[in-house]
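Q: The chain contents come next:
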Amino acid sequence: MNAGLTVVARTDAAHPDADRETILIVDDDATNRLVLRGLLKQAGYHVFEARDGAEAVESYFQYQPQAVLMDVMMPVMDGYEATRVIKETAGSSYVPIIFVTALMDERSLARCVDIGGVDFITKPYNKTILALRLEAVLRMRRLYAQLQAHAQTIKQHNEYMQQEQETAERIFTNMVHRGHLQDACFNYRVSPAAIFNGDLLLAMRMDEDSYRVLIGDFTGHGLPAAVGAIPVAETFYAMTAKRKPLRELAREINCKLKSILPPEIFLSMCVMNVSHTQLEIWNAGMPDVLITSENSPSMQRVASQHLPAGILPDAQFSAQTLRIELSAGARIYAYSDGVTEAMNATHDLFGEARLLQCLCQESVADYVECTWRAVAEFVQTPREHDDMSMIEIIPARI
Amino acid sequence: MNSASVTCRQAAADCTVISIHGSFAFSVYRQFRRACEGASAQHRFVVDLADADYMDSSALGMLLFLREQAGGEAARIEIANCNSVVRRILSIANFDKLFSIR
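Protein chains in written order, with the working numbering: chain A, 242 to 639; chain B, 927 to 1028.
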């Protein structure tokens, strides 16, 4: 807008200073125009003139002045109509139009304001007062322009950041969320907000009859929580491909995170090796992992037994894993605390009891989907940071 | 979310009590960090959670930050007056291995 104005002023006008403000005088009386022109020139403004409303509209869009001094009664098109047309065409941009009128009755003056004039001055006018009021109007316009420029800058920054974040998320997803999660032995869900907020879900086939799975949850939200996921994922895939034992993976991840993360950031995680008949598990700070079996209504739990990864120095670290025999129809459930801590409008938490209800229903094909629906129903209006991850492992399908 | 705050008082020459009111979560991060200023291994800390109705994983992070400031291994930090919700969160994270919880 400003750039455009500068160009117009420089080419169409007799080379006025770029930072001098431009005023459009609209009056059908040549003497009035002459007086006003003299006054404004003296005050340092650059001046254009129009002889009626129609010319005013044309000049307005040609020269884009910073203010208009508008007479009311003119041939061809009067000041009201010219103002209406300018306002309509200018849209949201701020157009300071000051009516200079001989009409004194209240109705006429009210109409000046109604139609969108910012001020009115009655003729005959006092030169000093006119100059002061014009300056006040221009000051307001400058403020408005500044505000608009700031808003524009902020908008651009926002768009830029959004774009950056989207790209980063794509790269992140490619690095972290690959592997074999799509295989038939898994049902899983990770809420979109969780991916970039430090929830981790990784799975990789170890050999013919077993998989390795990692579910994890970094402290806090956003980028700081998310960056740590990258070395964890790299370590997971590399060590699983080499079939390194589970305890070595846990130790390596702990060691790596301890060396790179600040003290207040850590990773609650659970790593598992799963085959048809056996689960080997190391749960460090994740909610109880649940195991259901076909022939028994009771549920087996594997509680967290270790401090989360990234807290203890290697010397004090315990990578003691648990081995659990699995019955024929066993299913294993692991989730991040975002599921049980999903909150509704009255600040109640979804809680473990509701989760267990979901898992106890009979003949459900996908218990994760079922839980997700129950959480959505419970929460009603989802909040911005719904970090939830959950996986169902069906050993019989390995 | 209800508003939360951190208050800090000197219980003895070598003991500071940090009290959390409301939700012990990321919103009190700055206040908590300020309360940790001047921590050292010579100093004892009590984190009083009598007024804390909830804590999330960033609160666990803040406790670890305090531990680091107060000398890491040598830190003497007690987490006091936990309600059942808070106690459960601390126990899932096995924080009893790092702090004395009562």
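In short, the hints are calculated from the structure, not lab data. Given the structure is predicted, the values throughout are model-derived calculations rather than measurements. Hints may be right or wrong, so weigh each one.
What the hints assert, rightly or not - As a list, the in silico PhoX-like pairs of lysine-lysine whose alpha-carbon atoms are at most 25 Å apart:
| id | chain 1 | residue 1 | chain 2 | residue 2 |
| --- | --- | --- | --- | --- |
| 1 | A | Lys485 | A | Lys499 |
| 2 | B | Lys1023 | A | Lys483 |
| 3 | A | Lys483 | A | Lys499 |
| 4 | A | Lys282 | B | Lys1023 |
Q: All the hints need checking, so say for each whether the structure fits it.
A: Do the hints match the structure? See the list:
At roughly 20 Å between alpha-carbon atoms, A:Lys485 and A:Lys499 fall within 25 Å of each other, so this suggested pair holds. For a cut-off of 25 Å, the pair hint linking B:Lys1023 to A:Lys483 is broken: about 32 Å separates their Cα positions. A distance of roughly 23 Å separates the Cα atoms of A:Lys483 and A:Lys499; the hinted pair therefore holds under the 25 Å criterion. A hinted pair counts as satisfied when its Cα atoms are at most 25 Å apart, and A:Lys282 with B:Lys1023 does not qualify at roughly 81 Å.
Checked against the numbered hints above, the structure breaks hints 2, 4 and satisfies the rest.
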